[in-house]
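Asker: Using the sequences and the accompanying hints, generate a full structural model.
If you read the sequences in order, they're chains Y and A. Residue 94 in our numbering sits at position 94 of the first sequence, and the numbers go up by one each step. Residue 74 in our numbering sits at position 74 of the second sequence, and the numbers go up by one each step.
Derived by calculation from the structure, the hints in this document are not laboratory data. Possibly wrong hints are sitting among the right ones.
Between beta-carbon pairs, the in silico distance windows are [as the list claims (entries may be wrong)]: (1) A/Gly64 with Y/Thr98: 26 to 36 Å; (2) A/Arg90 with Y/Glu176: 46 to 56 Å; (3) A/Arg108 with Y/Glu176: 30 to 40 Å; (4) Y/Gly322 with A/Arg169: 31 to 41 Å; (5) Y/Glu460 with A/Thr115: 55 to 65 Å; (6) A/Arg108 with Y/Ala63: 37 to 47 Å.
In this text the structure is predicted, and so the values were computed from the model without any measurement. Cβ atoms here follow ideal geometry from the backbone N, Cα and C, with glycine treated the same way.
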Amino acid sequence: MPLNVIFDPPILTLSAADERRGAPQAEALLAEALAPSYTVAAESTRTEIVTHLDTVDGRLHAAGIDLAHLPRRRRLLALTDGQRLEQPVTGTWPRLATELPAGEVTSLVAEPSWIRALIPYATTQAETTTYAIRNGDGKTVVRAHWTTGSLTKPASVELPVRVGIETLRGYGAESERVRRALVRNTPLAPTDLSWFALVRGLPALRPAVTQRFGMRPDQAADFAVADALLGYLAELDATVEGIVADVDSEFLHDFRVAVRRTRSVLKLLGDVLPAGLADQVVPEFRWLGEVTTPTRDLDVYLLELDSLAATVTHPDDLTTFGEYVREKRTTAQKALAKALRSRRYTDLVTGWRRALSEVIAHPSHAEMTAAALAEERLHTNFRKCRRRAAKITAESESELIHDLRKACKEMRYLMEVFKPLLDKSAYKSVLGDFKELQDLLGEFQDGEVQAVALRQFAQEMVDAGKVDANAILAMGELSGKFEARQRAARETLTAHHENYLGAKAAKHVDRLVSA
Amino acid sequence: MKVIASYNLKGGVGKTTAAVNLAYLSARQGRRTLLWDLDPQGAATYLFRVKPRVKGGSPKLVRGSRPMLDAIKATDFIGLDLLPADFTYRHMDIDLNDRPKPQRTLRRLLSPLATDYDVVILDTPPSLSLVSENVLRASDLVLVPLIPTVLSVRTFEQLAQFTAELKGRKPKLRGYFSMLDRRRKLHQEILAELPAENRQVSPIAIPSASAVEQMSVRREPLPAYAAKSPAALAFGQLWDEVVELLKLPAADPSPH
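Answerer: Put into C-alpha cells, the structure is as follows:
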C-alpha cells in the first residue's frame with residue numbers, strides 16, 4: 001500500500017480553517033461525496049514512521065533530493081525529479097553515504113552529500129487508511145489513501161489531512177472523475193506540496209537564527225563589530241555538538257573557520273570594543289584554535305589519503321600510514337570532545353555572549369561609524385599586505401611568506417565582516433585579486449606543513465615499531481612531492497606578487513571602500 | 001518474467017479456478033503478476049468484476065496495433081492485473097494465422113511486458129488449436145488440471161506427446177489433480193498410482209468443494225475469503241511447487 005508520504009499526485013488536503021473545525025470522518029465524507037455512482041469500503045490501515053534525512057547544511061535538498069528512512073519497512077527512500085528510488089537499509093543515524101550499503105539510493109546521494117553525514121532533521125508519523133472506491137459492479141476502480149500525520153521530532157506538530165488518489169491501471173478516467181467529485185463535494189482541495197515539502201516548511205524546523213542586526217554604514221563601530229562576532233559565536237553553537245558526537249569532519253572545519261574569524265576580528269577591530277574585552281578573550285580563542293588543530297590536521301590527511309596514495313608508486317604501501325593516522329585521530333578526537341565539554345568552553349561562550357549582548361545594548365563608540373572603521377582598517381590592512389609582499393625575494397626566509405599569508409587572510413576576513421557596506425563589483429575584483437594569491441600562499445604553507453608532519457609521523461611510527469621499510473619509502477616519496485609543491489608555489493609567488501598586490505589591486509581597494 | 005499456462009484440451013476441469021487462485025497467490029507473495037484471460041467465455045474476467053472487453057479486440061492485440069499495456073486492468077488485489085477476455089478471442093486463431101511465424105506470435109506479444117511483470121499466467125480456452133500451440137510455445141510451465149479418470153489421464157499423455165514433439169523451445173509440463181472426490185475409489189486409485197508412474201504428474205490434488213464453487217458467487221479468489229479451506233491450502237501447495245519448478249526468485253511481500 002503506498003503511503004501519501006511517497007505518493008504521486010493528485011493529493012488533496014484540508015485547509016487550515018477546515019482542519020480547525022475538527023477531523024472529518026473519512027469514510028462518511030468520501031461515501032457521501034461519491035454517492036450514488038460509487039461506494040466506499042475501508043481496506044486496511046497502517047502506520048509508518050518516517051525519518052527525514054539530509055546533511056546539516058541541506059545539500060540533498062539543494063540537489064533536489066528528498067531522502068527518508070522508513071524503519072518499519074527497513075527501506076531507504078529517495079525522491080528526485082519525480083522518480084522514486086528505494087533500497088534496503090537498517091541501522092542508525094547519522095551516517096556517511098560511504099557507510100551505507102551499496103544500492104541505487106546510495107549512488108544517488110553519495111556525490112551531493114559530499115563528506116557530510118546524513119542526519120535526521122525530522123521524524124514524522126503517518127497513519128494511512130486505504131479506501132476502495134467501487135463502481136456499480138462492485139469493482140475497485142480507484143483507491144483513496146487517507147493520511148493523518150504528525151511531526152514527532154524535533155517538535156510535536158499535527159499535519160493536515162492528506163488524501164492520495166491512486167489511479168489503478170486501466171481506470172484513469174474513473175480516477176479523474178473521483179478526484180473532481182471530491183474537490184466539488186468536500187472541503188478537500190488539491191495541493192502540490194509533497195510530504196517532504198510540507199514538513200520542511202514547518203516553522204518548528206526552521207533553524208534557530210541568532211538575532212542579528214546586519215551592518216549599516218551609520219551604525220556605531222562597536223555595535224557593528226559585536227554583531228559580527230555574535231554571528232561567529234552562533235556558528236560555534238551550531239557546530240559544537242556535531243564535533244563532540246563526531247558526526248562528520250565538516251563540523252570541526254566550520255567551527256575552526258568561526259574561531260579564526262573571531263580571532264582576526266579581535267586582533268584587527270577588537271580595539272573598538274569596551275576596553276579590555278578583546279584582551280580578555282584572545283587567549284581563550286587561541287586555546288580553541290590549539291585544541292582543534294590536531295584533529296583537523298589528521299582529518300585532512302584522512303580525507304586526502306586516497307588521492308595522496310594515487311600519487312605514489314605503490315599506493316598500498318601507505319596502508320600502514322593510514323591506519324596510524326586513524327589511530328592518532330581517535331585519540332585526538334577524544335581529547336577535543338573533552339575540551340569542548342569542559343567548563344572552560346562553556347564559560348567562554350556564555351561569558352562571550354553576555355559581553356557582546358551588552359555592547360549591542362549599550363554601544364559606546366557612537367563617534368566612530370561602521371563605514372569609517374571599514375575604510376580605515378581595509379586601507380591599513382591592504383598597505384600591510386603590500387609591505388610584506390615587497391619584502392619577499394627569492395632568498396627570503398619562509399617566515400616572511402607566512403607573514404604575508406596571514407595578512408592576506410586578515411584582509412579577506414575584514415572584507416567579509418564589512419561586506420554589507422562595500423561596493424559589490426569592487427568586492428568581487430578584490431576578492432579575485434586575493435583569491436589567486438591566497439591559493440598560492442596556501443599551497444606554499446600546505447607543502448611545508450605536510451612535509452614536516454610526515455617526517456614527524458614517520459619518526460613516531462618507527463619509534464612505536466609500527467612501520468616497515470615500504471611504508472617509510474612511500475611516505476618519503478609523498479614528502480618529496482609536498483616539498484616540490486612548496487618550491488613551485490614560492491617561485492610563482494616571487495615572480496608575480498606584483499600582479500596581485502600592485503597598482504591595479506590598490507585601485508580596487510580604493511573603490512571597495514569609496515561606496 | 002515467467003509465463004505459466006493453465007491448460008487442458010477438456011473444458012470444465014478447473015483451469016480458470018487454478019489460474020485465478022495461483023495468480024492471486026503469486027501477487028500476494030509480492031510478485032508483479034498479470035493474468036491473461038484468453039478464453040472468450042471470460043470466466044476469469046467475470047471473477048474479477050472486470051468488463052470482458054478489449055478495445056480493438058483480438059485483431060488489434062494480435063497485430064500489435066493496440067499495446068498490451070493499454071488493455072490491462074488492475075484487479076482489486078495489489079500487484080495483480082488482468083488482461084480481460086473479449087468475445088473476439090473466439091477468432092484469435094484466424095488473427096494469429098495472419099502473422100509471420102504464427103505459432104510464436106503470443107510469445108512475441110508478451111515479451112515487452114517483462115519490465116512490468118514477474119509472472120504472467122495464461123488462462124486458456126479448451127481446445128487444441130493455433131492459440132493452444134502459441135500458449136505452449138510462450139510458456140515456461142504448463143499446468144494441466146486432471147480429473148482423476150482414465151480418459152483424463154489419456155488426454156494428458158496425448159498432450160505430453162504433443163509437447164515433446166514441438167520443435168525448439170518446450171515448456172515444462174506439470175499435471176495435478178483437480179476436482180478430487182475422495183469418496184470415489186477410482187479417484188483414490190489414480191491419485192495413488194499416477195504420480196508414481198509419471199513424473200510429470202504432481203501428487204497435489206485440489207478437492208472438489210463447495211468453497212471453490214463459491215468463487216463465482218463471491219467473485220473473489222478462494223484464498224481471499226477461505227484461506228484455511230482444504231482447497232485453498234492445496235492451491236498454496238501447488239503454487240509452492242510452481243515456485244520451485246521455475247526457481248522463481250524470492251519476492252518482497254511488503255506492499256508496493
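Asker: Can the suggested window of 55 to 65 Å be confirmed for the beta-carbon pair Y/Glu460 and A/Thr115?
Answerer: holds (58 Å)
Asker: 31 to 41 Å was suggested as the range; check whether the CB atoms of Y/Gly322 and A/Arg169 agree with it.
Answerer: At 55 Å between Cβs, range violated.
Asker: Is it true that the C-beta distance of A/Gly64 to Y/Thr98 lies inside 26 to 36 Å, as the hint says?
Answerer: violated (47 Å)
Asker: Note whether the CB distance of A/Arg108 and Y/Ala63 lies within 37 to 47 Å or breaks it.
Answerer: holds (42 Å)
Asker: Should the hint that A/Arg90 and Y/Glu176 are 46 to 56 Å apart at their CB atoms be regarded as holding?
Answerer: violated (34 Å)
Asker: Could one say that the CB atoms of A/Arg108 and Y/Glu176 fall in the range 30 to 40 Å?
Answerer: With Cβ atoms ~34 Å apart, the hint holds.
Of the numbered hints given earlier, the model fails hints 1, 2 and 4; all others are met.
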